[in-house]
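2 protein chains.
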Amino acid sequence: MAPTTDNLSPVVALAGGVGGAKFAAGLQETLPPGALTVIVNTGDDFQHWGLTICPDIDTVLYGLANVNNPETGWGRANETWDVLTETERLGGEAWFRLGDKDLALHLLRNNWLKSGATLTEITDRLRLTLDIPSRILPMCNQPVRTLVHTDEGDLPFQDYFVRRRCEPTFHGLTFVGADNAVLAPEVAESLQTAAQIIICPSNPYLSVDPILSVPGLSDLVRASAAPVVAVSPIVGGRAVKGPVAKMMREMGHLEHLPLTVVEHYAGLLDGFVIDQQDRADASRLPLPTLTTDTIMTDLPSKRRLAAEVLQFSRSLMYS
Amino acid sequence: MAPTTDNLSPVVALAGGVGGAKFAAGLQETLPPGALTVIVNTGDDFQHWGLTICPDIDTVLYGLANVNNPETGWGRANETWDVLTETERLGGEAWFRLGDKDLALHLLRNNWLKSGATLTEITDRLRLTLDIPSRILPMCNQPVRTLVHTDEGDLPFQDYFVRRRCEPTFHGLTFVGADNAVLAPEVAESLQTAAQIIICPSNPYLSVDPILSVPGLSDLVRASAAPVVAVSPIVGGRAVKGPVAKMMREMGHLEHLPLTVVEHYAGLLDGFVIDQQDRADASRLPLPTLTTDTIMTDLPSKRRLAAEVLQFSRSLMYS
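Heads up: the sequence lines are chains A and B, in that order.
So the first sequence is residues 238 to 556, counted in this note's numbering.
So the second sequence is residues 238 to 556, counted in this note's numbering.
Check the hints yourself; a few may be wrong.
When chains are identical, the list treats them as one kind, so a pair holds in a single copy or across two.
[Said to hold, decoys possible] Distance condition first, Cα-Cα at most 25 Å in a straight line; then the derived DMTMM-like pairs of lysine to aspartate or glutamate:
no. : residue 1 : residue 2
1   : Lys351    : Glu330
2   : Lys351    : Asp391
3   : Lys478    : Glu404
What the hints contain is simulated information worked out from the structure, not anything from laboratory work.
Pulled out of the complex, with its shape left as it was, chain A reads as follows (with noise of 0.2 Å):
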């Protein structure tokens, strides 16, 4: 069917970690089940007491679950932690904080990677039985490795964000192994069909970036007839989780940070959603822009950014 422009038209979105559930789960809230398609960044993905750990994929099948904890943003509502005292008790690294729900899915996971599934299968298999209508979509099945550099060397992205929490003065990113990374049939065709395509309010650098990083996957999006909109992860000025804002200052980017954003996605965007508090950089964006409350604090404020993201993009259809 080719793209069309109601609501029950393919929606994609490309998120990473909180911030990107969060958008999704509004996104999920307001379309029909079935319309939205989201494609997760894998960069942060790592090997952990043996095991291969996908956190932006796991927030995002939490957040569309609704299991996941929200006070926290990542991992499980209700968790227990009897495993990782245990370990920690026994002489194992306790410094990724990893309870016994979330567990449970690594070492499934793990198992079905072993038997030789990908993560594509296993992302929808474990997403059907969460019983969540998006489908969910690893930006491909070859590892992605974001390697940070810093003033201390280069970091592996989990010891950066979480062993370091992002202390470490930032100059760049590689993403090892994206020269090998296959477009997923999957992603491929869920762009080609995309009646619009939305880039969550996830970072610029860690999140959106090593998915842009698949061969071909950059492309698919330039080439869609869909509008293309990024939600900015800006908010007054500074971001609303994690450390985008720190990192567009060590690159000396010290103010307007949403048209930093903008420029970061140049040739990519149709439009961009920025927040009230950040009105005044409105007239500077060179594209459509919509100028919103994008702040996320529960389910309603979730749905209506989202339906007010959907409008705007439809706006654009006939720009």
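Fit chain B to the given chain A structure using the hints.
Same frame as chain A, but now just chain B:
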């Protein structure tokens, strides 16, 4: 130091699962700290959820650390089951009951194995963390896997033992990989310097034979100047726990099961310990025999049996 006959002399026990771990705990209570080395069956080891699980090593670790579940004999006391519950919910297999504390150890071990540590090194690290004064040695560092031949075909050990609850009729065993197993220096040294060698009341076929299948190991037991004593796993013509009597019946041994055990260990033993309920069988046994109460229900009964067996074993040094 050459072996002497006092209480400080090194004692080596060969042990399998629950019965072996109970008796080893009694030996540890009776002997001075550091005098006991337990060589443990690894033929039951298997891969589950992508992890290497070593049931007998863990039963001995938990038993000697006094953190075992006294009701089941295996697993941890005060265990929780959050991971298993969630794994089952997410579509995973749950036939092998992995508790949270137990799983913590499997995760650590698996990770350490992946990092290149040997099972011997890992087991020693764990027993030190668990404040166990005795040495615990896996029978070897290479994978040896017990395959059970039954009237329903060949079954990997855990499939026979846990999943099928030993129901299929037993025809025999193969210890797959035993030909390539290498006697570890620690195992060899412990047997060469042992003042007493004790075969615990473990299943001769499933628990002790895999240990004896490691090339060179049974030769060291035979060559040792130390008395070798086995404690019968049979009480009143039946197994205290597990399928040993059922297996004997299926091999055509319908009565005088203590004699069957002695004949099975032909050429290895200097003495044998049978339960008082089997005293009628004592006269049939072609070697020095201690008849006593072999049921271990609590720490005092484990300690009493261990002390009696050690005294009996020492008496054989002068025979």
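Evaluation of the provided hints:
In this assembly of identical chains, Lys351 and Glu330 lie within 25 Å of each other by CA distance both inside one copy and across copies; the values are 23 Å within and 15 Å between. Within a single copy, Lys351 and Asp391 get their C-alpha atoms only as close as 29 Å, which misses the 25 Å cut-off; across copies the closest is 24 Å, which meets it. Only within a single protomer do Lys478 and Glu404 lie at most 25 Å apart by alpha-carbon distance; the minimum there is 14 Å, versus 57 Å between protomers.
When held up to the earlier numbered hints, the structure conflicts with none and fits them all.
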